[in-house]
Amino acid sequence: MIKERFFLYRKTFLALIVAGIFISIPWVTSDFFVLMAIRVMYFGMLTMSLTFLAGELGVVSLMQASFFGIAGYFVAILQTRYGLPFPFPPLVGIAVSLIIAGLLGMLVIRVRGIYFLMLTLVLGQLVWALASQWSSVTEGDTGIMNVYAPVLFGISMEKSKTAFYYFQLFFFAGATWFLIALRRSPFGLMLRGIRESESRMRMLGYPVSLLRYAAFVFAALVAAIGGVFFVYFMGLINPSSVSLATNVETLLAAILGGINTLAGAVLGTGILKTLDVVLSGITKRYLLFMGIMFLFVILFAPKGIIGTVRNYGRSFLSPLMRWFGLGED
Amino acid sequence: MVGKKMIWLGVAILFSTLWVWGTAHAVSEIRIGQIGPTTGWATMFGTEGLNGVKLALAERDYKFKGIPIKLFTEDTKADVEVMRTKLDSFKTRDKVHFIIGPSLGHEGMAAVDWGARNPDVPILIGYSAPEDITMRKATPSVIRPGWTGPQVIFHFGKFCAKDLGYKKVIIVGQDYSYPWDQAAGFTRGFLENGGEKVERIWHPVDAVDFSSIMAKLTGMKKEYDAVLCNSGGAQVVAFFKQWYQFGLDKIYPQILGQANVPIVPMLTELADMALNVYSSLHYYDGNPSEANMKFRESYLKAYGKYPSVIAVQGYDAMRVAFKAMEAIDGKVDDPKAFITAVRQVKMRENESPRGPFYFDKFGNPIQNIYIKKVVKKDGKLMNIAVKTYKDVSQFGPYAAMPEKYMAQPATSREYPPGNKDDYFREIEKYFGKDYMAELKKNNGWKE
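Sequence order for the protein chains is A and B. Quick note, the first sequence lines up with residues 11 to 339 if you use our numbering. Quick note, the second sequence lines up with residues 20 to 466 if you use our numbering.
Hints are not guaranteed to be accurate.
Said to hold, decoys possible - Each computed EDC-like pair below joins lysine to aspartate or glutamate, with the alpha-carbon atoms no more than 16 Å apart:
#1 B:K114 to A:E168
#2 B:K452 to B:D440
#3 B:K465 to B:D453
#4 B:K110 to A:D41
#5 B:K216 to B:D352
#6 A:K169 to B:D139
#7 B:K187 to B:D441
What the hints assert, rightly or not - A few chain A residues that don't get close to chain B, going by computed Cβ distances all over 12 Å:
#8 I124
#9 R210
#10 V227
#11 P249
Simulated from the structure, these hints should not be mistaken for lab results. These figures come from a predicted structure and were not determined experimentally. The C-beta atom is built at its ideal place from N, Cα and C for all residues, glycine as well.
Extracted from the complex, chain B is given alone in its bound form (with noise of 0.2 Å):
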């Protein structure tokens, strides 16, 4: 009789240490995917969004809660059919909870097409910033702790118009979608607030003699005020040095730069040529903020560089992750749970060295913009920010109507127009007569 209770008590204790068992450990072990471009022309980017995940990661020693965290990564090489093939090991070979990447603008797209195939794998996207990712392509379970090309220069247009009083920019760019949507968000910001035209020269991607362009810049000083250089990498470095060759820095106030053009990376590259840029973006290295400062000396001691944005996204990417985690304890078999947890996550001041930051509807995040301007500070080139925007939606200054803002065309080189009256005539076309009225009333946006 007794042997029959013990048997009882035996197998009472043995279900419930399972159940406890069970709870306590949803899962035995974390698995992330990291995908980026770490070969080829783009290895900047995948390179250093790999090495902020994988800081915040050894912040906490690859554990969450006594879980150990397995990170995989690969490279996407760049190439979008390498990607998704990539993506999909993710999740058949690897079983990985949420995959945080990639980099490219490209690459972000087919990234958030894959999404919607696969829901129920989370995507943090990395550095991508083509709009759509977060408009009209945007699916639930895929979330960007970023940025899109358009949101980080809407207001730098308006700054150039209203603090540096230009009339009248011409944009020097590389000829793909990136450079396209940042003379886009630039134009509007640009025009809107009382410049007269934006004039757009397009090169092929990878041009370094602009020997034709400095001639035509140089005769265009009749009617222009301001260059911008809207190329990125190795394009950059060609168009200042010859800027400086055909003597433009003494018929030019100085260069005006797409958010990539003085970003830390290139500060070394560019060395003194690279002083008194004008810029935007989301992050700026110069930020006092205790969280920027301790991301920087932490950056610097595990890679021997200090960090750019593009780090600081990995980093995000992972620390929102990790507040997401909190939220549901863990439970990141449950895609559904962690997808809600992670539109849900607010960081605070100092929590991210970019700022505070939260997710609208589509999973962008409302965050501020900082227009910078490079100094020497202790013989060291950075950007400082001269203004800062707070709480920029990826809309801009069209956030209470991001519709009407979607149903424009997508941009292209030529969209929209860089003609002030062809461009007051299109827009009126998608946001109305009211908002043209307002325009006209508050000479420009509002704030």
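Isolated chain A, as found in the complex (with noise of 0.2 Å):
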């Protein structure tokens, strides 16, 4: 009877467990840690805009950064200069990435495959470009420095790096949530027949274009709301944040997770951004030791850590993840 009941709810049983272990960071865990976690948290935000158009739509952004960095450098902006009170400069800057992730969005819609990703690369490197060289507005690579991280209830996000991690995990776990149940609403199940058969489902009478269309604004919003925590917790955004490096780590973080997945997304950029800041305390080569990685990684395991989990660790793995409800996805 029990054993039925649990049965029944182990899906927000293992949901109370992952919610479980990102609570605890902060009082099990040293302040490197915390500040490793937050910094994996605004990249995996940025990373799971990109998997979640790799994964939905099959298509590979170089610009999910540039709304990354939009929202950051309007918050900066708003904040340093015009003295915007809090909410307001994140909401501006979230809703201005909107918007251009809305113009932007109308013209690499149309293209599909090796186009959309040269596409989205020229017009990433436009945006670092204005960011790099409109230096009235941007500061030019110098960038925006003192932005602060706000008070929320009288705490200071900017002192405690442990009240920063709960005000971000709350938006990280609804960003998280948002796109897992874009994923499984009648909307994902669109997208996932557009990435199949895009002239099938436009036969059947689905508006492939406007699907399209909102799947990369979307992702654009998950990517903008990184930006904000990202601006928030460096205290200042420079053109390296809109880079084409930026982009491309992403989405080396994406391939080494699993770029189909948002689990993925998240585990890529754990493993990229702590090996980054580990191995390089160890040995001046590391950037060698992270290339080989990723050689086996596209040689051996193309799908991801995630995806090969899935594929070769189904024998043992599967009934417990069966069990979880997360055997076929």
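Two chains, each in its own frame: build the complex with the hints.
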């Protein structure tokens, strides 16, 4: 009886475990770990926006960091130059990011495959060039500084890393839930239909372009939320946050974790960003090691870590995964 | 009874030894963090700085008065997000007493912002040259034993106008903030000392094909006297090559260079093309001083090549830290005392390869600026000083009015204006009529 009821709520149970782990991080780990977790979360949102597009639409975008950066830049500009109080800079930042995604979306949804990659690359570089050259607004390569995280309920997010962690965790969980919900909704199903066969979906009467467009804007929204936390945590923003290097690193994190999955995005970002700091403390040739690691991932696990676990680990993991209802997703 | 007395004696001895031990070894290990770009396009700026720091530490066998020194090094990848994370790691993971670095402009700006939020970790800035690190954004815990971009080039503008007699100069450079700063400093020195016009041509940072610019320069010879190359690294090599290919060496007297153009690593790349290039800096490799000779030889022995100014600054930063540690008897665990001590350090003649220097109240050195010329000595290219300006502050000729200087807008690709009339209208707005009258009276700067 109890067992049956437990089985019924197994997904809630899983969610509670995951939530418990995330919530307990500042209590059981060091300051340094919290710091890394914060980094992984904001970059994780950026990577999730990429894997959402890759997984649902089957396209690889090289401009997600632009939406991340645009939101960040607007927070920085509105706060430091115009002194707007807290909820407004992030709201405006995200809104502007969405508007720009809306405008550019009209262009990019027209193309597919390699052309999508190229077009987003060009547009992403355009945003980078603006950030670097339009120095009266963006302060050029120096970037905008003196951005401070807000004070919420009397707690300064700037002073307490733990408070910042929870503040971000709330939105991170929200963004993740949003993307999962989208995937599971009829909207997500339609997107996957488009991914599999666009002509068939069009013939069936689905508004293909509109759906692709909406997916693009939704992805930008998640990236923009990540960008807000990025600028709050870093206290500054400069063109490197919208550069090609950031975009490529996001793509690498996605490939490492598994480009079609949201969990892979977070896992890949976590591994990449942690290795970056940990390995570089040990050896100066750390980039070589990371390169070799990528080589192995591409050669032997092209679906990334999550994909590989699903494929090879099925035999011994599947009873557990099926029990949690994650078997064949 | 005797037993009780013995116990008291024992306790007393224990406490006194503990006390003595406690004061003699305020810290059991001095931990230093060094950060800079050691991978990526800016590797040279990171590794040379690190080598300089290591050389200064090796001179003392990684010890200070018997206390071992541990050096932690981190790579920024020339990315500020990475750098901030690593500064945080220095603080929370390695618990360093102070940090030396970083090297690049945008890194330095991010480091000073981090320093303002973490005032308990002193930072000695490496090669980063933006003015605002020690001007508008200056913060007590951040000290720069280095330079600012305009500081080293103000007087080069004057030299070009007065000593070389040029009236109109073209500046060709990479389009980002460091070359903007160089152009700004040069423009001030040039126009205020009799120059008439500075024309700026900007090209993308990684451009290597300058044929259109070379063609333009050929046409501009009718009006202009000289060309200043305001780029760095590979772009300089490409620029010099094409300069000779297009025969511009026959129509212009020689190339002028921004501060980084003829530094040591560039000389090997440019070879004889670099001959006769004029530039200015706070260090010159041909300095015959004892300190410089010794430094060059020991660096050559340790790393197999001659050091550049970047290494000098790493070396100097560590030596400044040593001097400060001496003043506070090695108690680096008191950041306030350490910061105060660093700010009071005075490097005398022959203590640094660059010459004497001390810090202004913003934490930037007041030092000699050398106008350099590349010559060939014993078959080797090197910079010699043709003129020395002593005790130049980061405000250059405006040392008496730092507030007015800082009230001006930040430099950009067009600011300050390169046209004489516009320029004077602009500085009158900030420095006042008295300053203008003085300029006119002295026919330029006084010294």
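Given the hinted pair K114 of chain B and E168 of chain A, is their Cα-Cα distance within 16 Å? Answer violated: K114 of chain B to E168 of chain A is near 20 Å, above 16 Å.
K465 of chain B and D453 of chain B were given as a pair; does the straight-line alpha-carbon distance stay at or below 16 Å? OK: K465 of chain B and D453 of chain B at ~14 Å, within 16 Å.
Quick one, are K110 of chain B and D41 of chain A close enough, alpha carbons at most 16 Å? Roughly 10 Å separates the two Cα atoms, so the pair holds.
Checking a non-interface call: every C-beta of chain B should be farther than 12 Å from the C-beta of R210 of chain A. Is that right? 43 Å, holds
Hey, does I124 of chain A actually stay past 12 Å from chain B on C-beta? For I124 of chain A, whose nearest Cβ neighbour in chain B is about 24 Å away, the distance exceeds 12 Å, so it holds.
Non-interface claim for V227 of chain A, where every Cβ of chain B lies beyond 12 Å: Nearest chain B Cβ is 26 Å from V227 of chain A, so the label holds.
CA of K216 of chain B to CA of D352 of chain B, is that 16 Å or under? Violated. K216 of chain B to D352 of chain B sits at ~53 Å, over the 16 Å cutoff.
Are all C-beta atoms of chain B more than 12 Å from that of P249 of chain A? Check fails; 8 Å does not lie beyond 12 Å.
Given the hint that K169 of chain A pairs with D139 of chain B, test it: the Cα-Cα distance must not exceed 16 Å. The hint holds at about 14 Å.
Checking one constraint from the list: CA of K187 of chain B to CA of D441 of chain B, max 16 Å. Satisfied? The given pair, whose Cα atoms are some 15 Å apart, holds under the 16 Å limit.
Is the hinted pair K452 of chain B and D440 of chain B satisfied, with a Cα-Cα distance of at most 16 Å? Within the cut-off at roughly 15 Å; holds.
The structure is inconsistent with the numbered hints 1, 5, 11, although it conforms to all the rest.
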